[in-house]
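Build the complex from these two chains, which are given one at a time in their own frames, with help from the hints.
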Amino acid sequence: GNSVTQMEGPVTLSEEAFLTINCTYTATGYPSLFWYVQYPGEGLQLLLKATKADDKGSNKGFEATYRKETTSFHLEKGSVQVSDSAVYFCALSEGYGGSQGNLIFGKGTKLSVKP
Amino acid sequence: EPEVTQTPSHQVTQMGQEVILRCVPISNHLYFYWYRQILGQKVEFLVSFYNNEISEKSEIFDDQFSVERPDGSNFTLKIRSTKLEDSAMYFCASSLGSSWGRPYEQYFGPGTRLTVT
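Chains A and B, in that order, are what the protein sequence lines are.
For the first sequence, position 11 (counting from the first letter as 1) is numbered 370 according to our numbering, and the numbering increases by one without interruption.
For the second sequence, position 78 (counting from the first letter as 1) is numbered 83 according to our numbering, and the numbering increases by one without interruption.
Bound-form chain B, shown alone (with noise of 0.2 Å):
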C-alpha cells in the first residue's frame, strides 16, 4: 500500500540553525500538507501545497518556514533560523484533493521529531 515517508525520524540542531525536513508523498496525490505537534499539545495545520504554490498557511507559518517541492517527488519543509519552540513532531500529509468539496482524507507520514537546543 503506498505511503508517505518523511526523513530524517529525529533531527536535532542547534538554536538558529537551518533544518530542511524532507517528505516523499504518495505518488498520485496532488495536494500536500505540513503540521506539527509541539509534546503532549494538539496537532497544528502549517501549510498546505499546490499545483507548486502555496495554498494556505497559518499564523504559525511564518517567514522562519518555506516549503518547496524541488523535483516532483519531494516535499521539503525549511526553517531558516530555528527557535526552542520550534521543537516538536513535523508531519507531512497528502491527498487527492477535494470532489464536490467534499475533502479526500489526507495521508500522513510518521513524522520527523525536530529538537532544537
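Just chain A, with the same shape it has in the complex (with noise of 0.2 Å):
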C-alpha cells in the first residue's frame, strides 16, 4: 500500500540557519505530493504542493522538487525564522482509480528554531 516516511524529529536549529526535512514515499501509481505546516494550537495548512515528477514546489522560502527516481519529496529552506516553528507533514494522494484524493500522512518533524 501506500505511505509515507520522514524523519523523526524533533530539529532544533538556530535562526537563519538551513533546513532540510526528508520525506520518501512508496506509492503504486503516480500520486501528487504535498507538504503541510501545523502551527501550535492550529490547524494543517498546505505549505505546497508537486503534481508530477520533476515539479517544484515552493511557497515563504520553502521548496521541494518531487523525485520520482528516488521516490522523495524532501522539504527545504535556506534560512529558517522562529514563526517558521512548527510540526510538517509529508503527504501524498492518489486522485484516480476512484480514490477520491485521500491523504496518507508521515508522521511528522517538529521544528523548533531558537533566537
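FYI, nobody ran anything at the bench for these hints, they're computed from the structure.
These figures come from a predicted structure and were not determined experimentally.
Note that beta-carbon positions come from the ideal geometry of N, C-alpha and C, so glycine has one too.
Check the hints yourself; a few may be wrong.
Restraint-style ranges between C-beta atoms, simulated for each label pair [to be verified]:
id	chain 1	residue 1	chain 2	residue 2	range
1	B	Leu101	A	Lys415	34 to 44 Å
2	A	Lys427	B	Gly21	22 to 32 Å
3	A	Asp413	B	Val17	43 to 53 Å
4	A	Pro369	B	Val17	41 to 51 Å
5	B	Arg85	A	Glu428	23 to 33 Å
6	A	Lys427	B	Gln16	41 to 51 Å
Reference excerpt, derived from the structure (chain B facing chain A, CB under 10 Å, subset only) [unchecked claim]:
id	residue
7	Gln42
8	Phe50
9	Glu61
10	Gly102
11	Tyr109
12	Pro115
This is the structure:
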C-alpha cells in the first residue's frame, strides 16, 4: 500500500540556519505530493505541492522537488525564522482509480527555531 | 478567504456516549473528508464523502462511525458509542476534487479535540 516516511524529529535550529526535512514515499501509481504545516494550536495548512515528477513546489521560502527516481520529496529552506517553528507533515494522494484523493501522511517532524 | 470551520473546538464526553462533530466545508467544494490525529501520532484518513455518499473509508471507520451532510452546508461525523481510544483531534477537510487524475488540494479546518473519559 501507499505510505510516507519522514525523518523523525524534533529538529532544533538557530535562526537563519538551513533546513532539510527528508520525506520518501511508496506508491503504486503516480501520486501528488504535499507538505502541510501545523502551527501550535492550529489546524493543517497546505505549504506546497507538486503533482508530477520533477515539479518543484515552493511557498514562503520553502521548496521541495518531486523526485520519482528516488521517490523523495524533501523540504528545504535556506534561512529559517523563529516563526517557522511548527510541525511539518509530508503527504501523498492519488486522484484516480476511484480514489477521491484521500491524503496519506507521514508522522510529522517538529521544527523548533531558536533566536 | 473562504475557510473550513469546525465546532466545537473541544468536546469532552464520557465513554459510551454519542458525539457529533460538525464541520462547514468551503461552499463550492464537492469532496469532504474526516481525518483524526491521536496525540503525538500521524494524521490518519477516516472517510471521504461525495455526492451524498461515502466514497472511501479506512479500517478505522467502523460501524461506530457515520457521516452525514444533513442540510447542504454542514458535514458531520458521529461516533455512536465513544471509547477511550477515540480521544484525538478530528480534522474536517474539503476540496474541489480532482482534474485529469490530479487531486486538488484539501483545505483543513482547525480541528475538534475530542476527549473521552
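Hints and how they fare:
1. Leu101(B) with Lys415(A): 34 to 44 Å: At 23 Å between Cβs, range violated.
2. Lys427(A) with Gly21(B): 22 to 32 Å: About 48 Å separates the Cβ atoms of lysine 427(A) and glycine 21(B), which means 22 to 32 Å is violated.
3. Asp413(A) with Val17(B): 43 to 53 Å: Distance hint for aspartate 413(A), valine 17(B) holds at roughly 48 Å.
4. Pro369(A) with Val17(B): 41 to 51 Å: violated (29 Å)
5. Arg85(B) with Glu428(A): 23 to 33 Å: violated (47 Å)
6. Lys427(A) with Gln16(B): 41 to 51 Å: Between lysine 427(A) and glutamine 16(B), where Cβ atoms are some 42 Å apart, the hint holds.
7. Gln42: Status holds, d = 9 Å.
8. Phe50: At 4 Å from the nearest chain A Cβ, phenylalanine 50(B) passes the 10 Å test, so the hint holds.
9. Glu61: holds (6 Å)
10. Gly102: holds (7 Å)
11. Tyr109: With Cβ-Cβ at 7 Å, under 10 Å, it holds.
12. Pro115: Holds. Min distance 4 Å.
Against the hints set out earlier in the document, violations occur for numbers 1, 2, 4, 5.
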